[in-house]
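Chemist: Taken in order, the sequence shown gives residues 538 to 831; the numbers are from the working numbering.
These are computed hints drawn from the structure, not numbers from a lab. Think of the CB as a built atom: it goes at the ideal place given N, C-alpha and C, for glycine as much as any other residue.
Restraint ranges, calculated between C-beta atoms of paired labels, are given here:
id, residue 1, residue 2, range
1, G775, T662, 25 to 33 Å
2, P725, A778, 42 to 50 Å
3, E574, A616, 35 to 43 Å
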Amino acid sequence: MFVVTGATGRTGRAVVAGLLRAGRAVRAVSRRPVELEGVESVIAQPDDPAALTAAFAGAEGAYVMVQPNYIPDSPDFPAHQHAVVDAMAAALAAAGTGRIVTLSSWGADKPGGTGPVAGLHYLETRIDALDAVVTHLRAGYFMENLLGHADTIRDRGVIAAPFDPDIAMPFIAAADIGHAAARILLGPPAAEILELHGERDLSMAEATRVIGGLSGRPDLRYVRQSLDEFAAGLRDAGVSASVAGLMVEVAEAINSGHTAAVQPRSARTTTPTSIEEFVTDALISGTLPSAASR
538 MFVVTGATGR TGRAVVAGLL RAGRAVRAVS RRPVELEGVE SVIAQPDDPA
588 ALTAAFAGAE GAYVMVQPNY IPDSPDFPAH QHAVVDAMAA ALAAAGTGRI
638 VTLSSWGADK PGGTGPVAGL HYLETRIDAL DAVVTHLRAG YFMENLLGHA
688 DTIRDRGVIA APFDPDIAMP FIAAADIGHA AARILLGPPA AEILELHGER
738 DLSMAEATRV IGGLSGRPDL RYVRQSLDEF AAGLRDAGVS ASVAGLMVEV
788 AEAINSGHTA AVQPRSARTT TPTSIEEFVT DALISGTLPS AASR
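Required output: the full structure, derived from the provided sequences and hints.
Modeler: What follows is the structure in structure tokens.
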């Protein structure tokens with residue numbers, strides 16, 4: 538039996554699906570019930586070590602993650618991350634889970650200066666101290682982040698973000714991360730760090746051109762925000778000062794190269810979903826607006 542935390546999230550759902558396809562028993566851990574045939578659903582708060590210990594009990598292996606981005610109104614998101622990681626590590630140790638795959642991130646090789654990714658460096662450090670075979674999946678920049686620009690695409694014909702328009706980033710679809718995690722759990726145990734780079738590297742300017750072309754908006758523009766503009770927009774949206782500061786740090790780290798892939802792209806680090814496939818699916822589902830929605 539395998540345990541999947543964050544089972545209702547984008548990566549967790551894909552891990553569950555991959556394990557079920559292989560005919561394996563799955564215990565899905567989440568803050569709300571998971572209604573999937575053949576899945577045992579366990580409700581546990583991410584910072585509750587007792588509930589998590591019970592959830593991990595008897596597991597052959599586990600996929601573990603903390604909040605992958607941020608909680609907008611958190612007054613101290615790093616403290617929240619550390620509390621969740623400490624609870625998770627204590628539970629895995631108490632349950633004796635011997636095989637673990639974590640969701641980490643590019644940039645987690647650095648202990649700080651990377652925004653919320655520093656919490657994933659802490660995750661790797663704490664999980665590495667356990668008596669277990671651990672694979673850390675350092676995923677690139679989620680394609681799903683593009684969905685947050687739907688309103689400005691529709692209303693203003695722009696994608697506005699604080700990233701240098703020409704810096705290439707390893708764009709990856711969340712489902713590909715989950716599929717990779719399931720494959721690793723089902724394969725021979727390996728203690729390693731594996732970066733996942735997506736189908737190819739893309740700049741924000743290139744991603745904007747893909748979205749514009751496929752959505753029937755050839756005039757779609759990428760606008761680079763200043764860090765002050767970016768922070769002000771977050772605060773206006775109700776994001777706490779702590780979280781806004783961390784998100785500014787993310788942009789600074791990517792723009793400066795402080796956050797960067799450290800493993801060379803290879804067949805193993807490359808995943809199948811292209812930006813074109815992702816955007817096409819998003820247009821079909823309506824999570825990105827087409828020209829017809831103007």
